[in-house]
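J.: Here is what each chain is made of, one letter per residue.
2 protein chains.
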Amino acid sequence: MLIGYSETETFLRNCKDAVILTHQSPDGDCIGAGFGLKDILAELGIRSRVICCDEFPSPRYDFMTKAGAGEEFEPQTVIAVDIADEKLMGSYAEIYGGKVQLCIDHHESNKNYAEKTLLREKATATCEIIYDLAKYMGVNITRHCAMCLYTGIATDSGCFRYSCTTPRAHEIAAELKRSYDIDFAKINRYMFEVKSLGRIKLEAKVSDLLEEHLGGKLAVIAVTQDMMKELGIAPDELEGFAPLTIQLENTEVGILMREREPNVFKCSFRSADAVNVSAICQTIGGGGHAKAAGCTVEGALEDVKAELIEAVRKALDK
Amino acid sequence: MLIGYSETETFLRNCKDAVILTHQSPDGDCIGAGFGLKDILAELGIRSRVICCDEFPSPRYDFMTKAGAGEEFEPQTVIAVDIADEKLMGSYAEIYGGKVQLCIDHHESNKNYAEKTLLREKATATCEIIYDLAKYMGVNITRHCAMCLYTGIATDSGCFRYSCTTPRAHEIAAELKRSYDIDFAKINRYMFEVKSLGRIKLEAKVSDLLEEHLGGKLAVIAVTQDMMKELGIAPDELEGFAPLTIQLENTEVGILMREREPNVFKCSFRSADAVNVSAICQTIGGGGHAKAAGCTVEGALEDVKAELIEAVRKALDK
Chain C
39 MLIGYSETET FLRNCKDAVI LTHQSPDGDC IGAGFGLKDI LAELGIRSRV
89 ICCDEFPSPR YDFMTKAGAG EEFEPQTVIA VDIADEKLMG SYAEIYGGKV
139 QLCIDHHESN KNYAEKTLLR EKATATCEII YDLAKYMGVN ITRHCAMCLY
189 TGIATDSGCF RYSCTTPRAH EIAAELKRSY DIDFAKINRY MFEVKSLGRI
239 KLEAKVSDLL EEHLGGKLAV IAVTQDMMKE LGIAPDELEG FAPLTIQLEN
289 TEVGILMRER EPNVFKCSFR SADAVNVSAI CQTIGGGGHA KAAGCTVEGA
339 LEDVKAELIE AVRKALDK
Chain F
39 MLIGYSETET FLRNCKDAVI LTHQSPDGDC IGAGFGLKDI LAELGIRSRV
89 ICCDEFPSPR YDFMTKAGAG EEFEPQTVIA VDIADEKLMG SYAEIYGGKV
139 QLCIDHHESN KNYAEKTLLR EKATATCEII YDLAKYMGVN ITRHCAMCLY
189 TGIATDSGCF RYSCTTPRAH EIAAELKRSY DIDFAKINRY MFEVKSLGRI
239 KLEAKVSDLL EEHLGGKLAV IAVTQDMMKE LGIAPDELEG FAPLTIQLEN
289 TEVGILMRER EPNVFKCSFR SADAVNVSAI CQTIGGGGHA KAAGCTVEGA
339 LEDVKAELIE AVRKALDK
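Residue numbers (this note's numbering), protein chains in the order written: chain C, 39 to 356; chain F, 39 to 356.
I should point out that these hints are in silico values taken from the structure, not numbers from a laboratory.
Computed from a predicted model, the values in this text were never measured in an experiment.
One thing to keep in mind: the hints can contain errors.
No distinction is drawn between identical chains; accordingly, a pair holds when it is met within one copy or between any pair of copies.
Said to hold, decoys possible - Straight-line C-alpha distance at most 20 Å; calculated DMTMM-like pairs for lysine to aspartate or glutamate: (1) Lys-215 / Asp-311; (2) Lys-239 / Glu-297; (3) Lys-173 / Glu-209; (4) Lys-352 / Glu-250.
For reference, chain C alone in the conformation it holds in the complex (with noise of 0.2 Å):
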């Protein structure tokens, strides 16, 4: 069911003992959104734990994360930010699936599953309706909160770079820049610029790696695992590169894939302008936003490319 900001501030006043599902191959979005609603629920005296089926990626999150997650207790509430579907849960579906009681996203393609849902698909980021919800419940937020929630907005709108970046995203950081002494360059570096040598040289070896199909309207980046094994990368400094599929001025839509396990491919969609991406994936099993979405295929590399070029051909010929 849909709620809205005063039915969701009832719930959390109400609740207790609460778990914090973020989704796998976790981003800064939801780590963000998770841990800034932690310290909101810890400002209201309520305890809670941020939980994710995969570990939150080290150093890159650990002003957020080092905190700690939270206590050991037995959940009485599972919330879930920023995860538009339980598979995104990972191998945690099998102990939550069906047990959410209260879903905070901004994704289009939310399945709705949780009993309720506060959804704003409009929003940049599920840290801006983080936000906007403490300040509708007129809840303190701290300057740990404050970095997380900064931090959720800025990673999904590629740092007020994409269309999703909405006014009220500028308008939010303008308040978070007044309000706290936070080096926020410092947080957009390590988000955005810092890379470790190994990766540049990736980044280089990625570049060569740039393939155009469907004359130029579609470019692939695929990297193997043989790949990140050679240069001694962990999946999850990947997590930048998507965007590098559509630096050509002609390019509509691009694809990385990142080879998760043998033969298991995660497939990141980005869309230059006009074509939803979003779309395409849900074609394919996967789902997100219009911009930026994506989907895990299985298959060999050059079978599973072959299936997502002809994807986009279909979506492009409409």
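Since the structure of chain C is already known, use the hints to place chain F on it.
T.: Relative to the frame of chain C, chain F by itself:
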């Protein structure tokens, strides 16, 4: 003489037939400020022309410049935007040196060379000042003007990434997004993402060129004219490369050296965090901002590099 908004308004409302000077190697901020101010003057019924000693890079900035720089006339007013030092007029310094009546700028290194200067060193971009000036004056901001001013703010802030990004910059972005039907993401895409295949390959090559000095605290990338020729790259395509020099976690200062003419190196400095690179550049005849500054040094590649390393070493020793 430093002046405020009120006196600037009086000057602008009473000027006629103005040339608006932008600096050499024009970038998003000086082009946005020049063409934005031209739009504002047009609203006041005052004709103006935007000029620069170099050509405005095309097609990158066409959306701002294609409306035309303005008709030919005998100038009666000389205005400079985003020019901290008359030397930065390039070859136009011979014509306009000592003749600038009004300068609007945000560089702390501004030499106060104009008759009147509206200087706000804290502003993210000259375009931020011009937006506030237009609001102060109550002048209508056209859609084209809005595109220009957004572009300047976005480019000088690294799309809201750098520490120079003020709360005001975010507020202006929010106001522009609420008021105008502009494809801001497309502007950002052209400013920060779109590259030629040649540039992508050059970046790959350049990444291999990254040199660490001073125990990794300084990173240098030097691009010679031979390299540019080999890859068919125009010098202005290297504009966004400087941040590549501060990608490694321990780097405090990064320098991009571009050989503009044989043995003449344009050196762009970036600070990752605390080091004031404007201060360093001022010791070798340059200037700029604390986190992004530059200078031009003549000499053989290795000699120039040694000079820069020494200047950075001294600054780090302090």
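J.: Run every hint past the structure and note whether it holds.
T.: Each hint tested on the structure:
Taking the shortest Cα distances, Lys-215 and Asp-311 sit within 20 Å of each other only across copies (17 Å), while inside one copy they are farther apart (30 Å). Taking CA atoms no more than 20 Å apart as the test, Lys-239 paired with Glu-297 passes inside one copy only; the shortest distance there is 19 Å, against 24 Å between copies. In this homomeric assembly, Lys-173 and Glu-209 come within 20 Å of each other (Cα to Cα) both inside a single copy, at 13 Å, and across copies, at 18 Å. Taking the shortest alpha-carbon separations for Lys-352 and Glu-250, only the intra-copy value of 17 Å comes in at or below 20 Å, while the best inter-copy value is 48 Å.
Of the hints listed earlier, there is not a single one the structure fails to meet.
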